[in-house]
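Novice: Residue numbers (the numbering used here), protein chains in the order written: chain V, 1 to 177; chain P, 1 to 314.
Quick caveat, the hints were computed from the structure, so don't treat them as lab data. No residue lacks a Cβ here, since even glycine has one placed at the ideal position from N, Cα and C.
If you want the footprint, here are the derived chain P segments under chain V, 3+ residues with CB under 8 Å:
# : segment
1 : 222-236
2 : 244-250
3 : 257-270
Partial list, computed: chain V residues near chain P (C-beta under 7 Å):
#  : residue
4  : 96
5  : 98
6  : 127
7  : 129
8  : 137
9  : 170
10 : 171
Here is how the chains run, residue by residue.
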Amino acid sequence: MSDSTDEVRSYTVRLELVDEPGELLRALEPIADNGGNLLSIFHERGNVTPRGHIPVEVDLEATPERFDGIVDALRDAGINVIQAGAEQYSEALTVILTGHLVNTDLSDTLSRIHESTDATVTDLSLSAPAGTDDTSSARIRLATEEGAVDETMRSVRTVADEKSLQVIEPLAAGGEA
Amino acid sequence: MRLAVVGAGAVGSSVVELAGDHGHSVTAFADSSSAVVDADGIDAAEALDRKRTDGVVGSGAPEDALAAEYDVLVEATPTTLGDAEPGFGHVRAALERDRHAVLANKGPVAERYADVRALERDSEGTVLFEATVGGAMPVLSTIADFDPSHITAVRGVLNGTANFILSRMATEGLDYEHVLAEAQDLGVAEADPTFDVDGTDAALKGVIIANVLSDDGTEYTLDDAEVEGIQEISGSALELARADGRTVRLIAEVVGGSVRVGPRLVPDNAPLAVSGTRNIAQLETEHAGQLNISGRGAGGPETASAVLADVGRL
Chain V
1 MSDSTDEVRS YTVRLELVDE PGELLRALEP IADNGGNLLS IFHERGNVTP
51 RGHIPVEVDL EATPERFDGI VDALRDAGIN VIQAGAEQYS EALTVILTGH
101 LVNTDLSDTL SRIHESTDAT VTDLSLSAPA GTDDTSSARI RLATEEGAVD
151 ETMRSVRTVA DEKSLQVIEP LAAGGEA
Chain P
1 MRLAVVGAGA VGSSVVELAG DHGHSVTAFA DSSSAVVDAD GIDAAEALDR
51 KRTDGVVGSG APEDALAAEY DVLVEATPTT LGDAEPGFGH VRAALERDRH
101 AVLANKGPVA ERYADVRALE RDSEGTVLFE ATVGGAMPVL STIADFDPSH
151 ITAVRGVLNG TANFILSRMA TEGLDYEHVL AEAQDLGVAE ADPTFDVDGT
201 DAALKGVIIA NVLSDDGTEY TLDDAEVEGI QEISGSALEL ARADGRTVRL
251 IAEVVGGSVR VGPRLVPDNA PLAVSGTRNI AQLETEHAGQ LNISGRGAGG
301 PETASAVLAD VGRL
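Sequences are here, hints too, so could you generate the full structure?
Specialist: Below, the structure is given as structure tokens:
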């Protein structure tokens, strides 16, 4: 069958889990059991919601039909599904920014990157060994739509240029193998 | 073959020393102020000895070497930017006499590629320059074997000094200035390492590759390259990369008519993550996947081996 509903697509599901052992596994089972292919799981342990829950972002691949079944199964299992969009976050890229990150307002840098692209910042690590007034580095992981890597990198470069930050870019996918 | 070697630095001297091993004779040898010429073959040991003790290779004038009897001119004078002189003039002198020219000097093929090719077209001589990219590594000859039209991209670590500094910074957690000083003590970095650490040297090699790959006759020079060095890389950036299973390498990337040199994140276990002074060139081929060529990208005997391999191809 070559019906278009059989086409496997990428989805991002945002869940809210209770902070108890076994909860993550319980949330992933309905996905696997219903034919979803897990791509990545981002567990925001440091970012507990006001209700004391932990946000988790799951990237997966499935046909549209199966995806509907996955969302239903998650809800049936009592998992809080915050968002079940059809956004394709199939490319992840990591960049390192170096410079006066703190003095130039790191959160503004991140929101500008977020606003000027379709990319989502999924992970951030900051290293400021000499204190926040000196140069520091940040490793940022971005999830972006398939084919939008070049555009995302252009935006990151523009924001970095304006704040005199150095960008260490990843090699193109072809260069990583 | 009879060789005239111009330039008496590490590469030129090694060519003179190793030519006999490869079945060639050196009939002329010049540095910037002197020359020794003998149609029957110069005494290599004597010339090299004189260079060491007196600072000259012989009692003749440098121009004597260009006018001598030879089949191949080996151009091993220092790389210069802009008009690429005097290297370019030496290549022209050889081609106008219908002699071959083998270059270790990057200037003529990085800065005046079209001029060199035009001279070659009007000459019976051939120009080869394997030694200009990646020392002992057969990068350009592999590209030629595959045919440039079947190579879609070339990425590489093409400067040993910059790579040594980044490797040490990552493994020892040291900062840039500290490692640079150490590299200078070890003789890995020059007293003035500017061209190595600001990316110029890697960019010149990228430009040469771009010229070789260019199938529409577009000529590339350093002005066409986007270049960023490693001087601003901090220890904390390398630490963050390492925590993520990656490392930072100064990568020269030639793809789709653009030449770009800059620090890039590469996975720790990727072929491009070579350590120390090792170099690597990764060719992206149309039908044969990726091809990695790794080895010693610099050094007198190493680069001289590439020069003599070119002589063998003529």
